[in-house]
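Student: Each chain, letter by letter, is given below.
Protein chains: 2
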Amino acid sequence: MHKVTETTHSMDKIVSLCKRRGFIFQSSEIYGGLASAWDYGPLGVELKQNVKAAWWRSMVHNRDDMVGLDSGILMHPQIWKASGHTENFHDVLVDCKKCKNRFREDHIENNKCPNCGASDFTDGRAFNLMFKTHFGAVADEASEAYLRPETAQGIFVNFQNVIDATSRKLPFGIAQIGKAFRNEVTTGNFTFRMREFEQMEIEYFIKPDDADECHKQWIDQRLQWYLDLGIKKENLKIREHGKEELAHYAKGCSDIEYNFPFGWSELEGIANRADYDLKQHSQFSGKDLKYQDKVTNERYFPYVIEPSGGVDRATLAFLIDAYHEEEVEGKTRVILKFSKQLAPIKVAVLPLLKSNNDIVTLSKKIKQDLQQSFTCMYNDTAAIGKLYRRQDEVGTFFCVTVDVQSLEDKQVTVRDRDTMAQERIPLDNLKKYLIDKLSN
Amino acid sequence: MHKVTETTHSMDKIVSLCKRRGFIFQSSEIYGGLASAWDYGPLGVELKQNVKAAWWRSMVHNRDDMVGLDSGILMHPQIWKASGHTENFHDVLVDCKKCKNRFREDHIENNKCPNCGASDFTDGRAFNLMFKTHFGAVADEASEAYLRPETAQGIFVNFQNVIDATSRKLPFGIAQIGKAFRNEVTTGNFTFRMREFEQMEIEYFIKPDDADECHKQWIDQRLQWYLDLGIKKENLKIREHGKEELAHYAKGCSDIEYNFPFGWSELEGIANRADYDLKQHSQFSGKDLKYQDKVTNERYFPYVIEPSGGVDRATLAFLIDAYHEEEVEGKTRVILKFSKQLAPIKVAVLPLLKSNNDIVTLSKKIKQDLQQSFTCMYNDTAAIGKLYRRQDEVGTFFCVTVDVQSLEDKQVTVRDRDTMAQERIPLDNLKKYLIDKLSN
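Residue numbers (our numbering), protein chains in the order written: chain A, 1 to 440; chain B, 1 to 440.
Hints are computed from structural coordinates only; laboratory data are not their basis. Just so you know, not all the hints are guaranteed correct.
You can't tell identical chains apart in this list, so a pair holds if it fits in one copy or across any two.
What the hints assert, rightly or not - Restricting the straight-line Cα-Cα distance to at most 25 angstroms, the calculated cross-link-like pairs of lysine-lysine (BS3-like) are:
| hint | residue 1 | residue 2 |
| --- | --- | --- |
| 1 | Lys294 | Lys354 |
| 2 | Lys340 | Lys100 |
| 3 | Lys431 | Lys233 |
| 4 | Lys97 | Lys112 |
| 5 | Lys279 | Lys243 |
| 6 | Lys287 | Lys179 |
| 7 | Lys169 | Lys19 |
| 8 | Lys179 | Lys52 |
| 9 | Lys365 | Lys431 |
| 10 | Lys340 | Lys364 |
| 11 | Lys207 | Lys432 |
| 12 | Lys169 | Lys364 |
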């Protein structure tokens, strides 16, 4: 019926589509933009919310061994001393003495400035990647504070609170979604590496003996999550970290990588952090954060498996993976083939004639009814062929078209995004038809 | 059947319940806490998510005239010059020369230090309430940046992007939920006034002539939202700002106030901001942000109605309003009477005997099945009477109890939170029974 041309698509096409259709805008664009910062537009915010909701549903609600948490971006500065971020979370930077530009020392090849070619640099200087600010106005309270560089530490410092409030026994996990900030020197690749970004992190607490097996299971489970939401298998791979890449306390780490147009890159890291964090916070806070087994009366620091994913990276991967071009009647049809869970709009209701008041009224009434069950939009800003293409381009699952005949036979045309097949459905049955289609 | 004793409850009771049951923890507690900062625990994060989802559903998805947005916390610093925050968003502070404590000048009564009673102060000094940081590491890029003190400006600077991407016509609104930060001198009252907090804001763009009528409508609609989610009518009121309270550009503002234990206080402000923001950003960015009416070809700056609510304040009000104490058989029963939409857990599945493997297995199976439709928990950590009380205390709508008889007759006991009435329901019908009860 229509020929599928699986062309390789560039990031440019994705970036352009994102701006044009309201997925992602450049931050502060009217002021010339802010480097490596991006805003989510009307469709982007829906897509990102769907990604987060899918993660929360499968990682928290649909499991028996998980609870959620939402800790602050600003926390006590001592936390970052305990975690090691104050001392170790930095890049070494050098300035070119000739052109005065600043670079990461490990990015200077052959001792030549990448900007002007000179080879005279200042000594390397450690540049901490945490954003610093000051908390409190009253003198004795005022203190340096940091925007958290990861959400994980908010979980560790609440470990005892969660146990006290929920009576949880090992193994169990705490999940959190929230913003994190890193003043990266090297940014870029659209929303892949931003200074302000969103994480979805789990700290899963277990007996030390169970750590290796549990680590393997989490790698499998997290990979499966991306597959279940529609990412093509061939675009995902697991990469185990070499010894030299591991943090000194980590027993192992594997990344889930996605085949981005700019190369295979990390979507999520799944690390065995051993008992490093709880031990550090016990030492720095003076509070004993050991777990007490109420049956055996043993007290010990649990090991921790940490699946740590990026919301923005996942959203970008879902966007890229969903992008398809097809040739239909000599023209290119662009489709975002989002899964049912992720599509920002499930159903668009389109009047065939916007000059016909009865059709418009009926269309709006249908939208009002359907929106109780799923995200819908009404659109009458173009002719039907164009409206279909526009909905395909943003991944809308079904288009419902209301025409003159609908006023008489109380039926509407339902068009499928992927097959473009059209079916005539009685209005009485429309909602149930769509619910069935969208829920299986 | 049971006597309702509507005792006046103090904030202490709420704060204590919140910590004990995992709604809200003090931030960084193991390090001695961080002033006026709080973390949401396992139940708190669910409650807050439900508040945000309810707002998004009724303000975005269930309307035809709204779209969403999610802009960054860090934006171009010029934005805060245009909005007036750099120059005007400050408190005037003085230091006591004797005890060195710092105070808001307008909080010093009779020129006596509230701390030591001395009456010798430094001159007043403007203290900007925006948290400042530095963005970027490379020299020519490094610049002062601020944590946004409101989400609203992220909407205004994306006004043109949204119009271009969505072809929206007036009237329409843009909604956003996200963190904002204010380095308040005076904080307190639990989560009511925090330095890091979450806003849910709408900027609704209209023809200038329609502003007054539209403002009234939004006040009614926003009040209704709190009522629909279960806040008692007598605990809400509208307070219109006096002329002297209004920002110089505002044409009017009304607050929705809630009767907190510490007094009537603002939940949400609904302001008529006129055309101030779009005009300012046009001037400061050099980009013309006028709206073009495609029918009449008029170009003008729309007026803006801004319903601006606090997520944390709303969550706190819902918690307080839900809190009830009843006397049952000589004992006090604490119940959080959350509405169906807001209850963090809809159904708890409880085995009557946790020593009976068949009962435990069946209970967990029931939970697994029900959790596909709503948030559930399994709990076997106490005797049934205690488990019921614990579920009442966190507002769980229904308890499903599995007993020995359930293994034979395939029926379970469903207990209603508010009436404590118990009904025997066949397992085959359980899910449908609960869906019906929870969806009307």
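Student: Against this structure, judge whether each hint is valid.
Tutor: Do the hints match the structure? See the list:
1. For the homomeric pair Lys294 and Lys354, the shortest alpha-carbon distance between copies (16 angstroms) is at most 25 angstroms, but the shortest distance inside one copy (69 angstroms) is not.
2. For the identical chains of this complex, Lys340 and Lys100 are neighbours neither inside a copy (51 angstroms) nor across copies (61 angstroms), given an alpha-carbon limit of 25 angstroms.
3. For the homomeric pair Lys431 and Lys233, neither the shortest alpha-carbon distance inside one copy (33 angstroms) nor that between copies (35 angstroms) is at most 25 angstroms.
4. In the homo-oligomer, the alpha carbons of Lys97 and Lys112 lie at most 25 angstroms apart inside one protomer (11 angstroms), although the nearest pairing across protomers, at 56 angstroms, exceeds that limit.
5. In this assembly of identical chains, Lys279 and Lys243 lie within 25 angstroms of each other by CA distance solely inside one copy; the values are 22 angstroms within and 57 angstroms between copies.
6. Taking the closest pair of Cα atoms, Lys287 and Lys179 never come within 25 angstroms of each other, the shortest separation being 27 angstroms inside a single copy and 30 angstroms across copies.
7. In this assembly of identical chains, Lys169 and Lys19 lie within 25 angstroms of each other by CA distance solely across copies; the values are 19 angstroms between and 47 angstroms within a copy.
8. In this homomeric assembly, Lys179 and Lys52 come within 25 angstroms of each other (Cα to Cα) both inside a single copy, at 12 angstroms, and across copies, at 17 angstroms.
9. Taking the shortest alpha-carbon separations for Lys365 and Lys431, only the intra-copy value of 12 angstroms comes in at or below 25 angstroms, while the best inter-copy value is 30 angstroms.
10. In this assembly of identical chains, Lys340 and Lys364 lie within 25 angstroms of each other by CA distance solely inside one copy; the values are 23 angstroms within and 28 angstroms between copies.
11. Proximity of Lys207 and Lys432 under a CA criterion of 25 angstroms is satisfied in neither setting, with 47 angstroms inside one chain copy and 39 angstroms between copies.
12. In this assembly of identical chains, the alpha carbons of Lys169 and Lys364 lie at most 25 angstroms apart only when taken from different copies (16 angstroms versus 52 angstroms within one copy).
Of the numbered hints stated above, those contradicted by the structure are hints 2, 3, 6 and 11, listed in ascending order.
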